[in-house]
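Undergrad: Residue numbers (this note's numbering), protein chains in the order written: chain A, 257 to 559; chain B, 672 to 935.
Calculated from the structure, these hints are not laboratory results. All of these numbers come straight from a predicted model, not from anything done at the bench.
Simulated restraints on C-beta separations:
| hint | chain 1 | residue 1 | chain 2 | residue 2 | range |
| --- | --- | --- | --- | --- | --- |
| 1 | B | G840 | A | A482 | 58 to 64 angstroms |
| 2 | A | R337 | B | K753 | 39 to 45 angstroms |
| 3 | B | M883 | A | R347 | 45 to 51 angstroms |
| 4 | A | K376 | B | R882 | 50 to 56 angstroms |
| 5 | B | G732 | A | T427 | 56 to 62 angstroms |
| 6 | B | Q914 | A | K539 | 47 to 53 angstroms |
| 7 | A | R337 | B | G840 | 50 to 56 angstroms |
| 8 | B | M883 | A | K376 | 50 to 56 angstroms |
| 9 | B | K753 | A | K540 | 26 to 32 angstroms |
| 10 | A | T427 | B | M883 | 51 to 57 angstroms |
Glycine included, every Cβ here is placed at the ideal spot set by N, Cα and C.
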Amino acid sequence: MKTSLKVKIGKLTLKNPVMTASGTFGYGVEFEGLAGIKELGAIVTKTITLRARAGNRPPRVIETPSGMLNSIGLENPGVDRFIKDKMPSLRRFKIPIVASIAGESAAEYKRLAGKLDGVKEIEAVEINISCPNIETSKLFAQSEKSTKDIVEAVRSATGKTIITKLSPNVTDITSIARAAESAGSHALSLINTLTAMAVDIEKKESMLGNITGGLSGPAVKPVALAMVWKVYNAVKIPVIGMGGIMDWRDAVEFILCGSTAVNVGTANFVNPNAGAEIAEGIKKYLRKKKIKDINDIIGGLRK
Amino acid sequence: MPKHVLAKIISQKEIKKGCFRMRVKAPYVARTASAGQFLHIRCGDSTNPLLRRPISIHRKGADYAEILYNVVGKGTDILSRKKAGDKLDIIGPLGSGFKVYKNDRSIRMLVAGGMGVAPLLGLGEELSRSIKGKKRFIVILGAKTQKHVLCESEFRKLGAEVYVATEDGSKGKKALATELSRDIIKSGKYKRQEVCIYAAGPMPMARALCRMMQRCSPESQISLEERMACGLGACLGCVIDTQSGYKRVCKDGPVFALREVAFK
Numbered sequence: 257m258k259t260s261l262k263v264k265i266g267k268l269t270l271k272n273p274v275m276t277a278s279g280t281f282g283y284g285v286e287f288e289g290l291a292g293i294k295e296l297g298a299i300v301t302k303t304i305t306l307r308a309r310a311g312n313r314p315p316r317v318i319e320t321p322s323g324m325l326n327s328i329g330l331e332n333p334g335v336d337r338f339i340k341d342k343m344p345s346l347r348r349f350k351i352p353i354v355a356s357i358a359g360e361s362a363a364e365y366k367r368l369a370g371k372l373d374g375v376k377e378i379e380a381v382e383i384n385i386s387c388p389n390i391e392t393s394k395l396f397a398q399s400e401k402s403t404k405d406i407v408e409a410v411r412s413a414t415g416k417t418i419i420t421k422l423s424p425n426v427t428d429i430t431s432i433a434r435a436a437e438s439a440g441s442h443a444l445s446l447i448n449t450l451t452a453m454a455v456d457i458e459k460k461e462s463m464l465g466n467i468t469g470g471l472s473g474p475a476v477k478p479v480a481l482a483m484v485w486k487v488y489n490a491v492k493i494p495v496i497g498m499g500g501i502m503d504w505r506d507a508v509e510f511i512l513c514g515s516t517a518v519n520v521g522t523a524n525f526v527n528p529n530a531g532a533e534i535a536e537g538i539k540k541y542l543r544k545k546k547i548k549d550i551n552d553i554i555g556g557l558r559k
Numbered sequence: 672m673p674k675h676v677l678a679k680i681i682s683q684k685e686i687k688k689g690c691f692r693m694r695v696k697a698p699y700v701a702r703t704a705s706a707g708q709f710l711h712i713r714c715g716d717s718t719n720p721l722l723r724r725p726i727s728i729h730r731k732g733a734d735y736a737e738i739l740y741n742v743v744g745k746g747t748d749i750l751s752r753k754k755a756g757d758k759l760d761i762i763g764p765l766g767s768g769f770k771v772y773k774n775d776r777s778i779r780m781l782v783a784g785g786m787g788v789a790p791l792l793g794l795g796e797e798l799s800r801s802i803k804g805k806k807r808f809i810v811i812l813g814a815k816t817q818k819h820v821l822c823e824s825e826f827r828k829l830g831a832e833v834y835v836a837t838e839d840g841s842k843g844k845k846a847l848a849t850e851l852s853r854d855i856i857k858s859g860k861y862k863r864q865e866v867c868i869y870a871a872g873p874m875p876m877a878r879a880l881c882r883m884m885q886r887c888s889p890e891s892q893i894s895l896e897e898r899m900a901c902g903l904g905a906c907l908g909c910v911i912d913t914q915s916g917y918k919r920v921c922k923d924g925p926v927f928a929l930r931e932v933a934f935k
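Let the sequences and hints guide you as you build the complete structure.
TA: So this is what it looks like as structure tokens:
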């Protein structure tokens, strides 16, 4: 029996639904030799900003029960050096590249999207409006209007597929999801990390230099599943689900809750080859269940 | 290029209370690693603890590598319960290790604070092999008490001149490793500029050393620690501040030029 894992996200076709989550796979090259990179559906790059960013004060990571906090703060070399220094190695993998971008205003997002529009191998942009580790007190992803303005600005600057990455740190994620959809986003990805803390009681200080960070890993999976399910039922565009996916079973849960594709993040730190293994596991699951096309089970949760 | 392997544990021994030396069969690591590099170890098989633990390569032989570690938390506790014959999930060798400059005129001074001794013994073995003639190297072992002094006899066997400093004075000089090394340099026995430091230890020691030893040989190096996630240079979680901005302990380090490290 032939089993198809092919999925479509806007104009982007993925040979399988497994992508790396932004910020957890660097620019791919760091994982060379340890990860089956060519077996992935796509790589989502570490978030790129207009100018280089130094990132937050260390310590930047701390482990918590079945999870981890990070407060990296979007350290990156800036878009020009990304294109010059990071794209050559990304190109070699010959799989779709999704560029994650973040700006301080709609105009900055627009300029970033414009600069990346000319890079052929970048097949989609993911608009990161939900990083919890930046200076602003309010995330763009916490406002319907900001979300809409930014998606529209990016749309005006690029013909590439647009994915909007949503934050779980909101009162109603479906209203933000609908705002992004109505502004022309081709897909939604969720969830970004949950704002979180850990405290050193001996020193009476936060374990993170930035005081707060973002929680990821298995601890957030149940929260992420519920948000994916809600958003899937609220919009018509594809949903890319993520949050604590460690193995193919977790990935199938997300697919059943409405994810057309999934992102593997924290798992890359535990097993660099997690993405490729998850893609293989999903395939075996489909075969075992005699399902010919993965699209037949997306959102297939029995009600 | 690091490899991800399931290595068979050859032996594990508690050499001091709470301090374990484990030997794993790892021909690739043995062949390619340099002193100061580390292994990224998955201690358990559940999600708690979740992340790998970076542990320095202690020593290596023809087809094995050793680690030396203290039980400090859940991960290392699980690690300490493993037995010969069990498999260990390791990625390595990782990071940038110590650089040994051959045929220079410097006096090599290895300064170990507590568990910092782990990578320095491997370095000592490398030095004793690569340095020809009568060039000595000096080892300063700092520990809490006499009971915590590690690897003294191993260093002596390598022909090193060993000094011990304990915090309570129960063995050697009552001092910190940094203080003892400063005193030795100040005694005038060696020219400061010719002393090449190779240090490893906890952060407070690193800070003190950087303040005290800036005028030593520019080739002086220090191995630093920070909590890590990927261990591969991708997540940027383990950075430390240096003279040229944030650097990744896992990839740019863990060994840095002493002059490069900036503490504020």
